[in-house]
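Keeping their order, the protein sequence lines are chains D and Y. Throughout the first sequence, residue numbering follows full-length UniProt numbering, covering 1 to 431 in sequence. Throughout the second sequence, residue numbering follows full-length UniProt numbering, covering 1 to 295 in sequence.
The hints are all genuine.
Derived pair list, reagent style SDA-like, types lysine to any residue, alpha-carbon separation capped at 20 Å:
1) Y/Lys-45 / D/Ile-109
2) Y/Lys-45 / D/Arg-395
3) D/Lys-430 / Y/Ser-53
4) D/Lys-431 / Y/Thr-260
5) Y/Lys-45 / D/Asn-80
6) D/Lys-332 / Y/Ile-44
7) Y/Lys-45 / D/Gln-83
8) D/Lys-431 / Y/Asp-61
9) Y/Lys-45 / D/Ala-90
10) D/Lys-431 / Y/Glu-40
11) D/Lys-430 / Y/Gly-41
12) Y/Lys-45 / D/Asp-110
13) D/Lys-431 / Y/Phe-59
14) Y/Lys-125 / D/Asp-267
15) D/Lys-431 / Y/Ile-58
16) Y/Lys-45 / D/Asp-399
17) Y/Lys-125 / D/Asp-263
18) D/Lys-431 / Y/Tyr-55
19) D/Lys-431 / Y/Phe-56
20) D/Lys-430 / Y/Ile-58
No lab work stands behind these hints: they were computed from the structure.
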Amino acid sequence: MKLKAVLTLTFALMLLIIVGCSSNDEANENNESERSSSDQREINFISEDTPEVQEAKILSDFDAEQSDTDLQIETIEQNNILQQISLLAASNDLPELFKYESNQLGDLIDNGSVLNIEEAFNDLGIYEELNPAAVDLLEQLSSGRGLYALPVELNIEGFWYNKEIFDENGLEVPETWADLLTASDKLLEAGVQPFAVAGKERWPITRLINGYVIRYYGANAMEDVSNGDLSITDQGFVEAATTVQNMGQDGYFGQGVNTIDSDTALDTFLQGQAAMYYSGSWDVANFNNEDRNQIGIDNIGLFNTPLVEGGEGKLSDWSMNAGLTLSLSADKYDEQMADWVKEAFTGYGDKAMKEMGMVSGFTVENMPEDVSPLTELTLDTIDSAENAALWFEGRFNADQKLVAEQNAQLLVNGDISPEEYLELLDEELKK
Amino acid sequence: MHKVLGDRKAIFLFIAPALLIFLVLLLVPIIWSSVYTFFEGSLIKGFDFAGLSNYFAIFSDPDFYNSLWTTIKFTLVVTTGQVFLGLMLSLLFVFYIKKASFLIRTLVFFPVVLPTVAIAQLFSKLFEIAPNYGLINSLLEVLNMEQYIEPWLGQTSTAFWILCIMEIWKAMGFYAVILYAGLMDVPEDVLEAAKIDGAKGWKLTQFIVLPLIKPILISSVIFSLSGTLKVFEQVVALTNGGPGKSTTTLSVYMYQQAFTSGNYGYGSTIALVLLFLTLVITLVVYRVSWKDATK
Numbered sequence: 001m002k003l004k005a006v007l008t009l010t011f012a013l014m015l016l017i018i019v020g021c022s023s024n025d026e027a028n029e030n031n032e033s034e035r036s037s038s039d040q041r042e043i044n045f046i047s048e049d050t051p052e053v054q055e056a057k058i059l060s061d062f063d064a065e066q067s068d069t070d071l072q073i074e075t076i077e078q079n080n081i082l083q084q085i086s087l088l089a090a091s092n093d094l095p096e097l098f099k100y101e102s103n104q105l106g107d108l109i110d111n112g113s114v115l116n117i118e119e120a121f122n123d124l125g126i127y128e129e130l131n132p133a134a135v136d137l138l139e140q141l142s143s144g145r146g147l148y149a150l151p152v153e154l155n156i157e158g159f160w161y162n163k164e165i166f167d168e169n170g171l172e173v174p175e176t177w178a179d180l181l182t183a184s185d186k187l188l189e190a191g192v193q194p195f196a197v198a199g200k201e202r203w204p205i206t207r208l209i210n211g212y213v214i215r216y217y218g219a220n221a222m223e224d225v226s227n228g229d230l231s232i233t234d235q236g237f238v239e240a241a242t243t244v245q246n247m248g249q250d251g252y253f254g255q256g257v258n259t260i261d262s263d264t265a266l267d268t269f270l271q272g273q274a275a276m277y278y279s280g281s282w283d284v285a286n287f288n289n290e291d292r293n294q295i296g297i298d299n300i301g302l303f304n305t306p307l308v309e310g311g312e313g314k315l316s317d318w319s320m321n322a323g324l325t326l327s328l329s330a331d332k333y334d335e336q337m338a339d340w341v342k343e344a345f346t347g348y349g350d351k352a353m354k355e356m357g358m359v360s361g362f363t364v365e366n367m368p369e370d371v372s373p374l375t376e377l378t379l380d381t382i383d384s385a386e387n388a389a390l391w392f393e394g395r396f397n398a399d400q401k402l403v404a405e406q407n408a409q410l411l412v413n414g415d416i417s418p419e420e421y422l423e424l425l426d427e428e429l430k431k
Numbered sequence: 001m002h003k004v005l006g007d008r009k010a011i012f013l014f015i016a017p018a019l020l021i022f023l024v025l026l027l028v029p030i031i032w033s034s035v036y037t038f039f040e041g042s043l044i045k046g047f048d049f050a051g052l053s054n055y056f057a058i059f060s061d062p063d064f065y066n067s068l069w070t071t072i073k074f075t076l077v078v079t080t081g082q083v084f085l086g087l088m089l090s091l092l093f094v095f096y097i098k099k100a101s102f103l104i105r106t107l108v109f110f111p112v113v114l115p116t117v118a119i120a121q122l123f124s125k126l127f128e129i130a131p132n133y134g135l136i137n138s139l140l141e142v143l144n145m146e147q148y149i150e151p152w153l154g155q156t157s158t159a160f161w162i163l164c165i166m167e168i169w170k171a172m173g174f175y176a177v178i179l180y181a182g183l184m185d186v187p188e189d190v191l192e193a194a195k196i197d198g199a200k201g202w203k204l205t206q207f208i209v210l211p212l213i214k215p216i217l218i219s220s221v222i223f224s225l226s227g228t229l230k231v232f233e234q235v236v237a238l239t240n241g242g243p244g245k246s247t248t249t250l251s252v253y254m255y256q257q258a259f260t261s262g263n264y265g266y267g268s269t270i271a272l273v274l275l276f277l278t279l280v281i282t283l284v285v286y287r288v289s290w291k292d293a294t295k
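Isolated chain Y (complex conformation) (with noise of 0.2 Å):
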């Protein structure tokens, strides 16, 4: 075995179907795209070269800048809350709940394989107020709190944040799952070195145990980020990125300019943007995370 991974040609010979599909299918279509910025006009219409053109309008364009602060805010409360409350489940399963957590798992797990549009219909259910009060609105009128019942996904002050609450939800499940793997690597018997040393509770789990999970913790990090920073089905499904424009994130704003205003020149000069903005974040958690782990 070791004589065939030894052979450059062998190697070569494996990943060389894999490398052409990737190829194909990502970067083609990434400089298709890169090449689009350049040029104005439609697919009907034509496209005539427009120089730099797009790339100043983007940068004198208030509702990019507001669909990137709203992107920008999306990914870190999602990507806070995913991982930390993964990381507070998968603490729990390991530690308290233990070899019963087994049931916990598979429900926490459970909105992680839903498809988005059925989460969607079922929070705007929950938090509906018009024919009839959503589960959120009764509860609060049960508990004579009238003042409190709102129209949540139809005002901008609380529709980003039933976004962000559906969204991690959603997710949470599946970096609990990630993270209680990492963890259940722990050896035991460290565990109990610092045990005996007199270690528990938060101090066990801030000295020893995120220290010896680090490495999932940053992909966890990592996978999360690149999730929200490019969310659109879930915006498109809830809200459709209202009510005005307060909802919508770089992806959707993306999509409205490219496929319904047929700017495709711009809508790609956006997609490039988004595309560095989640290159350069993944990069510096990944520089940062580096450094530490080498100190």
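Chain D with its partners taken away, still in its complex shape (with noise of 0.2 Å):
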């Protein structure tokens, strides 16, 4: 008797369970008619930026004064956009719009997948909102494909310097690496940590091997490399690397450099901790941050990275980078998008100008009269820049990535030589 009444029971359970998902699918399905029964238009946005920073907020701004569209963001960490797209991509269900890194776009472009945006601008007549300057470096990130992103951020890279530090030891910006290895030098006697770097991301390892090497070959050496025009393991690569390894063994970069996140690396700058810090204009807004930049915003100075003597580099070429990119699917862009489209990117770069102060790859018309300086100057020296150089990793891939990476950990260890960092990289090169 018992034993029947727990069957009895159990069913009963079961098909509570199996009515409750149904109602629950039900409900599911009304709300979205309901939604869809209203005109308004559903624009999908994934992005690394919450609505309040950055790109995503000037869209959801200029959004939230269109009756007809419906601005969704939805924000993820930057290290999984790349694989939250790709999986979207197999589905065929990319968003409208959507960041990403513009150097791995080549299989969404070879598959039709991401918009011509060098035809859709030309088409709504905003071509010329585009600075120039941005469309031919992400031209070059896509390896000649065409223009398929946009350059909602452009940032220039260099030192960074405390200039109170500076003044204090006698030191003047350095115009050759030698002169940087000296100036180190003395601020290690004074005892001043020359560098914050923040060697747990492991990138700006490697963007000091490269600011060695463009100024040895030029701004075009990994464009050559990956031409197979240049060796990884050439001379110019191997003082790079040796120098580099030098650096952290000496410690400039403090102690436990591998430990140190990009939070712990700008605050030790900040707060007068380490004389310079190698790092790019998408900095400003944090140098900007009163709460935050303790040295105050006049005493910091940009310096671009310093010549090798003999070497082929100039001062006027400048690291630069478009940092995530904005991209459109091909498949959502119809007239409604087109139409928004239109509006939002109309005069974008003032609007990015004057209400982030954020520099961007579209052209400022007006502009505001109480930019802050460190935006003033990064927007010159951008003016200034003949020649872009690409970061380290700018034509490698995923693969190639990781190896330099992960190995620029060891390398500044003493783990391992110079030499075999080199080499390693070279075999993930040849693959």
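Build the complex: two chains, separate frames, hints provided.
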């Protein structure tokens, strides 16, 4: 008797669960039909930014004024964006807008899933909104496939330095790597840590190697490597890796460089505990943040990667990048999207500068008057740049990038020699 | 009751839902992955049949051997540590602390319920060197042992061991509680008889207690092995496989290959090797202990 009761109860429960699930489905369907019955078009946007910052804020502010569209921003951690977008691309369900690493777009361009920006913007008559230098950079990154991404940010990279510390120690802005090393030695003697380097993030180490390389071979060094005109085991690379290894071993980066994440490195610099910090202009927003910046905005200067004696690089060449770029799904680009894009990106450069103090790859027509000195410095520098150099991994695929970055940690620790570092990378490049 | 459970149909009816879910959730992905091992390409590019090339590649890949070795080393160290310290703690609870052990048991068990990411944060602060010394380095400084101050997590020679310590510390409470439950089942009169015969201390443990809790001990070892062979989130949260590749275990390497580099086929091949490794080791442990038990 008891057993029967238990059995009945079990079945009743199962039935309840089934009914519960199905009624849930119905509820969902109802919701969806409600949504689609209203005439608002949903525009999905996957970004590494939250709706309160950067381009996500500009676009969501813009969309708030539109009555016929509803921008849905989904924020995903930068490291997971590639994976998430490839999953969506594989199921033919790319969102209308998404951020992506511009040098990894190749496969998506080849199978026709992203929109050709050049064509679309020409059709809409807003191609002139784009800054030609930024367009050049992005075309370079797509390996000559054309323009498939929007430069919603544009960055230059260099050594940011603490002017006060430089003055106190009688240092001038170094012109050559030799000067840079002498200056660092002086700082070390005076008990100041020369550089704040986020070794845990890995790329800050390879950027330093790249800095030496582009001065030895000129701004096209990594292009030449990817074309096969230059071998990564050549003398200039060995010198670069040796220099960076010695900098690490001599304590220029402080203790435990491989445990430092980007926030810690930035704070070390902004609290006056390190004299120099290699980074891009994306950090200007942090420099402008008075709560975080304890050394003062006027106390921060920028110098370009110094020259290598006898090298081909010039001080008018800057390392540049467009950060994560914005791409559009080709499938979901219809007339309504076209209208939205036209409205949203007309005058985008002005909006970004005025509202966010952000330098983008769009032209700025009316420069606001109260721009922060560091933003102005960034703009002037971008204007003055004659050639843009790619970063170390700009032409690498994901595997090559991993080898370059992981082993860079071993290099600064002294676990492998500069020659070993380059040979391992060479092996991966030849695969 | 007996009548119902003697009926095969009834048994089937009871286990069918669970069995179905088990098959769908467990076997299907395994088969799916096995199929992937014969392909190369990615979700965007599409897949091409590659025959056995993924298998050939894996056996000539130094990174694979490196991560395999890291995994084996990690498993040996951590499983030994977890079960041995768990056993010591449980013996402590039963024979020395006795009734008052409740508080200590709770404290030792506490790390088990903490999220892994929180524990990794805790350990990275504990072993921090910059911008401020963590607890360990501060302690060394206070004790005038400056020469021992190290970037513990930033160098290949120590990062692996910190990872081991973290994993042992996190899980030993779990094994302590399981083995404690086993010890509670050891009959009091057997222990008393042994004591009357003059057995005490380690002798008592070795000849009376351990043989009696052997089944639970074996289960603990198998639990621990399968947990440590598959170790993933602990590594990602504490060191992300670095510095270099010094803490890249098989599962982390598999993740990097499949999802960072987009080599789904190769990633699946690594996953399959990991599956076989876990299976073989579990079977060996089971077989060895079974033989012992039937002697």
